[in-house]
Amino acid sequence: MDTSTMSIGASINARGLTKSYGGGEGAFHALGPIDLDIKPGEFVSLIGPSGCGKSTTMLLVAGLEPPSSGSIAIDSQPLTKPITEVGIVFQDHLLLEFRTAMKNVLLQQEIRGLDRAESRKHAEHLFARLGLLGAEDRYPWQLSGGMRQRVSIARALVHEPSMLLMDEPFGALDAISRTQIRHDLEMLWLETRKTVLFITHSIDEAIGLSDRVFVMSRSPGRIVDEIKIDLPRPRPAHLGEYPDFAAYAKRIYSVFEKLGVYKFD
Amino acid sequence: MSEQPAAAAPPPTRAEKLIRAGWLWTILNSVLSVVIFLALWEGLLRLFDVPVWLVPKPSDFLGRFLVDYREILSNALATSVTLAAGFGLGVVIAVPLALLMVSIGALERGLYPVIVFLNIMPKTVIGPILIIWFGVSPLVSVLVVFLMCFFPVLVDSMHGFRIADPRLNYLTRSMGATPWQAFRYVRLPASMSYIFAGMRIGIVKAVEGVIIAEFIGSSAGLGFMIMRASSFMNMELLFCGLVAVAIVALLFNILLGTSERIMMPWIRPR
Chain A
88 MDTSTMSIGA
98 SINARGLTKS
108 YGGGEGAFHA
118 LGPIDLDIKP
128 GEFVSLIGPS
138 GCGKSTTMLL
148 VAGLEPPSSG
158 SIAIDSQPLT
168 KPITEVGIVF
178 QDHLLLEFRT
188 AMKNVLLQQE
198 IRGLDRAESR
208 KHAEHLFARL
218 GLLGAEDRYP
228 WQLSGGMRQR
238 VSIARALVHE
248 PSMLLMDEPF
258 GALDAISRTQ
268 IRHDLEMLWL
278 ETRKTVLFIT
288 HSIDEAIGLS
298 DRVFVMSRSP
308 GRIVDEIKID
318 LPRPRPAHLG
328 EYPDFAAYAK
338 RIYSVFEKLG
348 VYKFD
Chain B
212 MSEQPAAAAP
222 PPTRAEKLIR
232 AGWLWTILNS
242 VLSVVIFLAL
252 WEGLLRLFDV
262 PVWLVPKPSD
272 FLGRFLVDYR
282 EILSNALATS
292 VTLAAGFGLG
302 VVIAVPLALL
312 MVSIGALERG
322 LYPVIVFLNI
332 MPKTVIGPIL
342 IIWFGVSPLV
352 SVLVVFLMCF
362 FPVLVDSMHG
372 FRIADPRLNY
382 LTRSMGATPW
392 QAFRYVRLPA
402 SMSYIFAGMR
412 IGIVKAVEGV
422 IIAEFIGSSA
432 GLGFMIMRAS
442 SFMNMELLFC
452 GLVAVAIVAL
462 LFNILLGTSE
472 RIMMPWIRPR
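If you read the protein sequences in the order shown, they are chains A and B. Under the numbering used here, the residues of the first sequence are numbered 88 to 352, in order. Under the numbering used here, the residues of the second sequence are numbered 212 to 481, in order.
Because the hints were derived from the structure by calculation, they are not lab data. Heads up, the beta-carbon is just placed ideally off N, CA and C, and yes, glycines get one too. Just to be clear, a hint being listed does not mean it is correct.
What the hints assert, rightly or not - To give an idea of the interface, some chain B residues facing chain A are shown, with a C-beta separation under 10 Å as derived from the structure: (1) 271; (2) 273; (3) 277; (4) 278; (5) 374; (6) 379; (7) 380; (8) 396; (9) 400; (10) 404; (11) 478.
Said to hold, decoys possible - Computed spacing ranges between beta-carbons, pair by pair: (12) B/469 / A/336: 32 to 38 Å; (13) A/267 / B/470: 39 to 45 Å; (14) A/218 / B/469: 55 to 61 Å; (15) B/389 / A/313: 37 to 43 Å.
Hey, can you work out the whole structure from these sequences and the hints?
In structure tokens, the structure reads:
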């Protein structure tokens with residue numbers, strides 16, 4: 088690949104971010120206040136119980152929903168409208184059922200008006216890297232859940248964005264596919280070093296992929312712990328190989344226990 | 212540098228094969244059931260010796276298709292043109308209006324009650340009013356057809372536009388899509404199956420509408436021909452008209468089904 092077209096990861100800085108839905112007495116306080124500081128090229132996970140505002144955080148960072156208060160800066164530029172220098176992977180793939188796998192990926196090229204041949208070449212590279220060869224002309228209903236999510240990752244990367252936002256991307260997959268796709272994502276990330284904000288409720292995924300893990304409390308979500316994951320990359324399928332893994336996992340569990348997310352007697 | 216292979220005619224895609232198979236199957240199926248039906252009809256009427264002026268046998272009136280083919284064909288053509296014009300008009304207005312109403316809340320709140328009322332009202336009652344306005348002309352039939360198919364297409368299209376995953380909006384906005392791009396690349400194809408569902412109901416209603424409109428306010432078309440045959444007690448021609456209406460309806464359904472398969476090649480074959 089031509090390195091000159093490769094974008095450098097973006098930085099994300101958020102201050103006092105909150106989100107409430109509705110107004111007056113019925114207002115629902117969903118998130119925050121939270122601060123986030125993510126360095127260019129860093130892989131950061133947000134982990135927390137369901138409904139804690141993780142997905143909301145992702146939408147705020149993408150500029151797709153306005154925060155109720157607080158501010159976000161991407162590469163030191165205040166965020167006022169949806170950022171387009173981004174790839175988003177949604178929960179349950181969100182592929183267009185009426186486009187083949189390749190055409191789903193090339194939607195980015197069509198809408199952004201990018202060079203067709205170059206995008207196609209890059210898409211083919213991503214298909215190869217993600218184990219999708221042969222799936223190009225299949226419609227989403229002809230693909231397995233894992234393959235759909237891989238196509239969705241290719242769609243988020245084909246235009247070389249500086250940041251990748253992923254909202255529980257592997258949540259609907261079985262454990263075996265999840266381990267493989269986790270590794271494939273890590274390898275892709277090592278190649279391009281985009282900034283990644285990875286939303287998950289899986290402790291294994293958070294530790295298996297991240298440089299840093301932010302642990303969130305229940306709704307309204309706040310960041311209650313920040314853990315730097317100091318494990319060599321690429322990380323193995325069986326994370327238990329590292330004694331440190333157990334320590335990191337234990338720390339997240341104990342935070343959740345303290346917050347009452349887990350109640351074990 | 213390797214030479215690019217010359218563009219040859221591509222082998223038939225799965226979708227194309229499907230369309231051909233669908234055609235064949237539809238035709239074979241209908242021919243077979245029609246033959247069985249006609250044979251039963253002929254046999255029963257011969258068995259009970261029913262007179263022609265009450266119910267004609269297929270052998271009594273099928274020959275009329277050859278003798279009177281000019282009259283039948285020209286009326287069938289007139290009906291088809293009216294049907295196509297009214298149906299086309301209905302779809303061309305209903306689909307954009309559906310998108311507008313779903314996109315602009317005030318428009319939907321203002322118009323929807325009116326549309327629900329008009330939808331419930333039997334559309335044919337408007338025929339006599341249209342005759343006063345426009346006289347006995349094909350325009351009356353076109354407008355009745357339009358009204359008949361407009362509402363099912365509108366209601367189903369609105370449903371299709373509304374039901375789309377709201378996250379698709381996030382997706383297109385993060386790509387920097389213009390509203391037109393979002394519609395053209397995502398919203399329209401995503402709602403296509405709902406629009407076609409509306410059109411399938413619409414075409415059935417439209418055929419009903421065109422015949423009734425031609426009964427009351429037209430000087431051409433199969434409805435007009437049937438009405439005239441009825442007043443002359445011309446049972447044979449009347450039954451020819453009946454069969455011709457069925458054939459026109461069938462052709463329009465096949466046409467719609469085929470365009471559906473061509474425009475939506477992604478639909479999972481059943």
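Tested hints:
Nearest Cβ of chain A to the Cβ of residue 271 of chain B: about 51 Å, over the 10 Å cut. The hint is violated. Annotation: interface hint on residue 273 of chain B violated; nearest CB of chain A at approximately 45 Å, more than 10 Å. Among the interface hints, the one on residue 277 of chain B is violated; its C-beta lies about 46 Å from the nearest C-beta in chain A, farther than the 10 Å criterion. Annotation: residue 278 of chain B was flagged as interfacial toward chain A, and the flag is violated, the nearest CB pair being 50 Å apart, outside 10 Å.
This hint is violated: residue 374 of chain B has a C-beta 13 Å from the nearest C-beta of chain A, more than the 10 Å allowed. Of the supplied interface hints, the one on residue 379 of chain B holds, with its beta-carbon coming within about 7 Å of a beta-carbon of chain A, less than 10 Å. The closest approach between the C-beta of residue 380 of chain B and any C-beta of chain A is roughly 8 Å, which is under the 10 Å cut-off, so the hint is satisfied. Nearest Cβ of chain A to the Cβ of residue 396 of chain B: about 6 Å, under the 10 Å cut. The hint holds.
Here the hint on residue 400 of chain B is kept, as its CB sits about 4 Å from the closest CB of chain A, short of 10 Å. Hint status for residue 404 of chain B: holds, given a least beta-carbon distance of 9 Å to chain A, under 10 Å. Taken as an interface hint, residue 478 of chain B checks out: its beta carbon lies about 9 Å from the nearest beta carbon of chain A, inside 10 Å. The hinted window of 32 to 38 Å between residue 469 of chain B and residue 336 of chain A is violated, with their beta carbons roughly 58 Å apart.
Range check, residue 267 of chain A to residue 470 of chain B: Cβ separation about 42 Å, and the 39 to 45 Å hint holds. Restraint check, residue 218 of chain A to residue 469 of chain B: a C-beta distance of roughly 37 Å breaks the suggested window 55 to 61 Å. Evaluation of the 37 to 43 Å hint for residue 389 of chain B and residue 313 of chain A yields a pass: the beta carbon distance comes to about 40 Å.
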